[in-house]
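Work out the full structure: start from the sequences and follow the hints.
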Amino acid sequence: MVTPWSADLNPALAGLFISLAVYLLAIIWFFMGTFRRVSLTTQTPLVSVVLAARDEAGTIEATLNSLLEQSYEPSLLEVILVDDGSTDDTLLRATTVASRHKAEAPSLHIVDGLTSMGSSGSKKAALTLAISRAAGEIILSTDADCQVPRDWVSKMVAHFDEGVDAVVGFSQITEPGLRAGIEALDFLLLMTAARGACGNGHPVAASGQSIGFRRDAFDEVDGYETVKHRSSGDDVLLLQLLRSAGKRIVFAHDEAASVVHPAVPSMRGLIAQRIRWASNGPIQLRLDPRLFLHLTATLLLNVGIVVAFGLAVVGRVDPMHVAGIWGSKAIGDVVLALRGAWIFRRWDLLLFWPIWEVLHPVYIVIAGGLGCLGVFRWKGTRVRLGRPVTPGVDGEGGSEIDVEARGKS
Numbered sequence: 010m011v012t013p014w015s016a017d018l019n020p021a022l023a024g025l026f027i028s029l030a031v032y033l034l035a036i037i038w039f040f041m042g043t044f045r046r047v048s049l050t051t052q053t054p055l056v057s058v059v060l061a062a063r064d065e066a067g068t069i070e071a072t073l074n075s076l077l078e079q080s081y082e083p084s085l086l087e088v089i090l091v092d093d094g095s096t097d098d099t100l101l102r103a104t105t106v107a108s109r110h111k112a113e114a115p116s117l118h119i120v121d122g123l124t125s126m127g128s129s130g131s132k133k134a135a136l137t138l139a140i141s142r143a144a145g146e147i148i149l150s151t152d153a154d155c156q157v158p159r160d161w162v163s164k165m166v167a168h169f170d171e172g173v174d175a176v177v178g179f180s181q182i183t184e185p186g187l188r189a190g191i192e193a194l195d196f197l198l199l200m201t202a203a204r205g206a207c208g209n210g211h212p213v214a215a216s217g218q219s220i221g222f223r224r225d226a227f228d229e230v231d232g233y234e235t236v237k238h239r240s241s242g243d244d245v246l247l248l249q250l251l252r253s254a255g256k257r258i259v260f261a262h263d264e265a266a267s268v269v270h271p272a273v274p275s276m277r278g279l280i281a282q283r284i285r286w287a288s289n290g291p292i293q294l295r296l297d298p299r300l301f302l303h304l305t306a307t308l309l310l311n312v313g314i315v316v317a318f319g320l321a322v323v324g325r326v327d328p329m330h331v332a333g334i335w336g337s338k339a340i341g342d343v344v345l346a347l348r349g350a351w352i353f354r355r356w357d358l359l360l361f362w363p364i365w366e367v368l369h370p371v372y373i374v375i376a377g378g379l380g381c382l383g384v385f386r387w388k389g390t391r392v393r394l395g396r397p398v399t400p401g402v403d404g405e406g407g408s409e410i411d412v413e414a415r416g417k418s
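Using the working numbering, you'd call the opening residue of the sequence shown number 10 and step up by one each time.
Hints listed in this document are in silico derivations from the structure and should not be mistaken for laboratory results.
What follows is a set of in silico ranges between Cβ atoms, one per label pair, in the way DEER data are often shown:
1. L101 to G336: 50 to 56 Å
2. T96 to A21: 45 to 51 Å
3. A339 to T183: 22 to 28 Å
4. A265 to N209: 23 to 29 Å
5. E113 to P54: 16 to 22 Å
6. H238 to T96: 19 to 25 Å
7. G336 to S275: 29 to 35 Å
As the structure is a prediction and not an experimental result, all values here were calculated from the model.
By construction, the Cβ of each residue, glycine as well, lies at the ideal position given by its N, Cα and C atoms.
Set out below in structure tokens:
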């Protein structure tokens, strides 16, 4: 016999409803922010595109060639790639592209990060090295496995109107298939929230696949210095530092500037990536308490849904209570998904929404829970509490959760 929530479950139910309220209020806030527009500029400053690459031999040539074929004035553009200790022939292939492009504009500089820094495995260190050698007033960054459209630099720079210090760009997954579609929808929701947050003047998310900032703003916050110990977050943590310093950050949405990035090859790799992203959650308590509140509410809401579903199965709670809470969350999710599909012209991804909605609570519980522990392995680097560690130091001895997989940073 199914019973209503018992008295001992009432506090948990209250907490679940509070988490749901915070979650839905955040969705409304994101939604409203997506309607705000930004002004553009026609100025063409000197631009430096910086990349960090590690074991990207299969894509690095195509990525570099796409950057060298930009519509932006070649004499005002330079590309700097730092190889972060690749174990494949990424460095060789990048050097080959540079050799073919020698003495042509835009200039292409290839840096052996392992030789220059004496170590590898830190994307922030590699990007810092690239930026230290950059001459541009505007710094743009993408990932070494992305497809960059010809007008990407021009469209990103156009958003650096007077008073704008950083620009968050749009990136997407276009691969076919069920797993790639679910990931693409998940990322579309992230990009929609990022646009809404920027529109509201309180940016909370960015992707290293397409981001830009003024060099002087980067220097003013000491670059990655205060967050260099974190294994992840070269994009979102820098964004938080710039926001905390009062810098104005806008979202650039232009179809001609949509960067395409590959889906993570496996579900295991996708979970590994999300765990890595979630490992930056605890530090948001210091950098952005409002974002930390939203992340905490999201985790608690989904934990509550999973637990309540289990209790409903064994007859401890009324399934209608669970359906009501989950249904309310689903309404908020689909509203944001519809808005994102409209803005970014990705109606095709709505086909994956029912499956995504069912899987989302479990995925958040796994990625969010393990991310809070911050113990994992990424591209051969052991990480504990969000920080890279060295074997044999501080008792490190292989107890990390093995989620090593190739994927985005």
